[in-house]
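There are 4 protein chains.
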Amino acid sequence: MANSRYEYVKAFEQPDIILPNTWIVVRIDGRGFHKLSARYEFKKPNDLRALDLMNAAAVEVLKDLPDLVIAYGVSDEYSFVFHPSCDLFERRGAKLVTTIVSTFTAHYIFLWGKFFPDMPLQSPYLPSFDGRAVVYPTTKNLRDYMSWRQVDCHINNLYNTTFWYMVQEGKMSNTDAEQELKGTVSSDKNEILFKRFGINYNNEKEIYKKGSVVFRQYQLEETKTGPESKVPQAQGEEESTAQEKISKTQQEKIRKQRRKAQVVVEHVDIIKDEFWERRPWILSGKPGKLPKGA
Amino acid sequence: MANSRYEYVKAFEQPDIILPNTWIVVRIDGRGFHKLSARYEFKKPNDLRALDLMNAAAVEVLKDLPDLVIAYGVSDEYSFVFHPSCDLFERRGAKLVTTIVSTFTAHYIFLWGKFFPDMPLQSPYLPSFDGRAVVYPTTKNLRDYMSWRQVDCHINNLYNTTFWYMVQEGKMSNTDAEQELKGTVSSDKNEILFKRFGINYNNEKEIYKKGSVVFRQYQLEETKTGPESKVPQAQGEEESTAQEKISKTQQEKIRKQRRKAQVVVEHVDIIKDEFWERRPWILSGKPGKLPKGA
Amino acid sequence: MANSRYEYVKAFEQPDIILPNTWIVVRIDGRGFHKLSARYEFKKPNDLRALDLMNAAAVEVLKDLPDLVIAYGVSDEYSFVFHPSCDLFERRGAKLVTTIVSTFTAHYIFLWGKFFPDMPLQSPYLPSFDGRAVVYPTTKNLRDYMSWRQVDCHINNLYNTTFWYMVQEGKMSNTDAEQELKGTVSSDKNEILFKRFGINYNNEKEIYKKGSVVFRQYQLEETKTGPESKVPQAQGEEESTAQEKISKTQQEKIRKQRRKAQVVVEHVDIIKDEFWERRPWILSGKPGKLPKGA
Amino acid sequence: MANSRYEYVKAFEQPDIILPNTWIVVRIDGRGFHKLSARYEFKKPNDLRALDLMNAAAVEVLKDLPDLVIAYGVSDEYSFVFHPSCDLFERRGAKLVTTIVSTFTAHYIFLWGKFFPDMPLQSPYLPSFDGRAVVYPTTKNLRDYMSWRQVDCHINNLYNTTFWYMVQEGKMSNTDAEQELKGTVSSDKNEILFKRFGINYNNEKEIYKKGSVVFRQYQLEETKTGPESKVPQAQGEEESTAQEKISKTQQEKIRKQRRKAQVVVEHVDIIKDEFWERRPWILSGKPGKLPKGA
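Residue numbers (the UniProt record's numbering), protein chains in the order written: chain A, 1 to 294; chain B, 1 to 294; chain C, 1 to 294; chain D, 1 to 294.
Treat each hint with caution, since some may be false.
[Claimed, not checked] In silico DSBU-like cross-links for lysine-lysine, where the CA-CA straight-line distance does not exceed 35 Å: (1) B:K256 / A:K35; (2) D:K44 / C:K35; (3) C:K272 / B:K286; (4) D:K95 / C:K209; (5) D:K286 / B:K10; (6) C:K209 / B:K140; (7) B:K256 / A:K286.
No lab work stands behind these hints: they were computed from the structure.
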């Protein structure tokens, strides 16, 4: 039973190599998490256990894939970022995306019991995620993408916080709350929270307001100030030729170095320059110095 | 904090709609299963628990996605097939592939303990899968793809069975066994098995020799014979216009009908016509009759 | 001055191989022909010289590229069709499309003076064309594409013929004619033509009503009638495996055979089966018999 | 005769929007110019008429498409460059490529008689060109692409010049000349030219040694020197957000401004920074000042 007469079907596979020297963002989203969060009784507007579980799974993905330089999560979505110099899986799009989706899912399911000890998963209602890759040519575009997600987090969280206070504490119907919030701006919502419920939105948990930023921890740089301050550019934009020549061996060496760094989760502003200036290894793609005593 | 200045980044998402009226095969593969099978002590050449776990996860995927018409699994790979008339997720490639990869992974992890009760998963060494979509324009191409995988299963299994008998029973070193098998044809391997170990390869388990075929069960058709026998064509090839007009409502109705059918796993020949002739609903994409008493 | 430090830029070229075993339609359209037809005083609603020039250029394209099996032209657009078995330029999309666009343009410019002897081209106002490839998986889809273009030809020509009679003979303003035709159906337009201008639309030139079909001429088959009549399928759908194995040498031989056939232009119905039944070489991709005495 | 039953075929067209904020290079190549140059007796190693014709056609393409910022030509190839901020044809790849190929071909055919007055084109042996788009994310990548083409020009021209002197003046056979040149470096070829034929390669025509650079002419900037000198970055890399918001109206205004500038052909070094520093409008995408008295 020779296979040669069927092997022609291999020619139907189409290549999907992602353009070199570009930022690759793989964004994953929970499938049907609206229903799922009801089934497993997630708390509204934020369920800390669910967010911690998302973050724990994301940390494992970063540990597993040293080529990732940063990730950002909010609600049931997570964005994972590969550096322009990344050549993992020869930059095959489907391979990069499915590897992240599958690794994330595996850890999410595996860790569920740790975060929801009293709420076991019931088959077939298992959490799952879809994903896609988006490509950004410049560091500015990448930063704008990250800012977009964090602003979205803020806007949604302010809305949801207000809405659920109105419903849970204010005993309004969903429809009435929705109706009243229609057309309001941030200051209106802040005022509702403060006047009616005595809530200062600024005192809400950072994880709810800022989302979660996951990255490798090295020694922070001093914050530079003044006009000479400069956000580091992607390696690729300054010296891509050199970088193109990084050998497989060197790539593997860099991966090993990265594995030594601790992967941390922080809930901080990533819109302003400071975050990126103090952590130049993220945008440069060059490992920093391990913190003393680490 | 308005988001409008960042929203332009959405324009970088590129569409990936799969060509209409074509068969879509999503093939997933275990990531690093060579190491993984060593860590969790999978039996050689075949570990029935591992195969049953693959099949159980595949069955859940077919239950979850009624648009799938058939799947075929061997070793740590599985191919899932969408019909040409499928419009799930508007045929967005990444969405189709990641949904299957994630759903499969979720059930694989969730079911692990049932199939490996004495061998718990150890983080971070969790099983995961990558995947890709391949598109086939005609039913013949699709059948040739399926045949290709099943012939591959046969070739690999005959080799592995012989190799591991030589090593495990014959006490040969891996290198010696490999060396002796180099250049042998099927009959040589059959003879080694029979002469040295008294093994008739034909009596090996069908699941090892044929792999696993997963599909919805309806009433089988009589086997036709003679020249008028005809393998059903894909709906799309005969009446695609009509099919193009299937409304969303009708699609949803067909999905509901499909959910009623039982999803079964069989270890049978899918190279010859008979399998397809007796189960015309697979290639036609039209639900068959539910078996009596079901 | 070594080039090696720059050669990495070659890696940015992305493959664009068209899916095997599918029909490839390359459609080209005149760029800004509205203005151009005014500048060179094309007659309304149809300029026979302009159509004959389009057809002459299309004939040269078919002569130059024996892999093309048929082409269909109407107004300033032309669709060129490659057979599923075509492997010209390894099916690279951009190469196929640009070769057709450039060859067509070259002949169009070169032949201009023959068809417009009193109206020389004036630089920079030269005719040019853009193009794109569309892929069809089945013969039915391809035939529906061809039908779509021919129905479009009919609809536009009936409208334009009526409109220009109303303007040129009926002395109506463009706006008034447009207004009156809004919402009319075919029979209304036929009636306007007949009642007001004594024109029987059926007697209009076939080239205007049907467009132009370009193909290689072999001996016609007898028209089959009755239920056993069958439109030939694409080779690929019946025996693609075999076809996949056509060697480069055989491909070149087939090309030579095809070059011997005469390329003809006809203005006939391509919606009904008859056209295709009598010329089975078009859909089968196998050269027919040269006509006697040719 | 309604068209609705066929219109579904439109859904088979697949989008091919090029990634925003990237450099687009459309490279065209003469089809079969080896044979063609023999048929029309092009001079070896360089035919000035043929190069001038290529340049004249390229100038017309830049005049026709103000979105192009620069082009570079050598032998029978030409590279046309769109700025990252370009939104012509919504950045549809096939449309951009075919428009350039067709416009170039049209002018090439139209202008032939001017450059080859004694050698009329003979149908069907007409010149034609194929083309493709390549995308570069950063200005450095784009500059490296341009350098790659110019170094290639140098390497090929030195080889060809030496080879043809050996054959035409030295009366060597093609094979012998080829054999002797195998493995030689630049200095060897320079020496052959000088010692045997008294030719100083440096005195060869710049158009042969450097190729042809086509761009819009504005007032040159002073050459900056010293460490503060800086090659301008693409607009997109510094302020892409703003640029994203350039309205259609503004785009059209910029196009009009560009049309006023003269398109020039120069044979100069584009590898070093100086060319780009003195003509900042090319990389910035912002029109410069028209030269005084222009």
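Okay, the hints, checked on the actual structure:
1. B:K256 / A:K35: Holds, at roughly 19 Å.
2. D:K44 / C:K35: violated, 42 Å
3. C:K272 / B:K286: This hinted pair holds, its Cα atoms lying about 28 Å apart.
4. D:K95 / C:K209: holds, 29 Å
5. D:K286 / B:K10: Satisfied, since the Cα-Cα distance of roughly 25 Å is no more than 35 Å.
6. C:K209 / B:K140: violated, 38 Å
7. B:K256 / A:K286: violated, 53 Å
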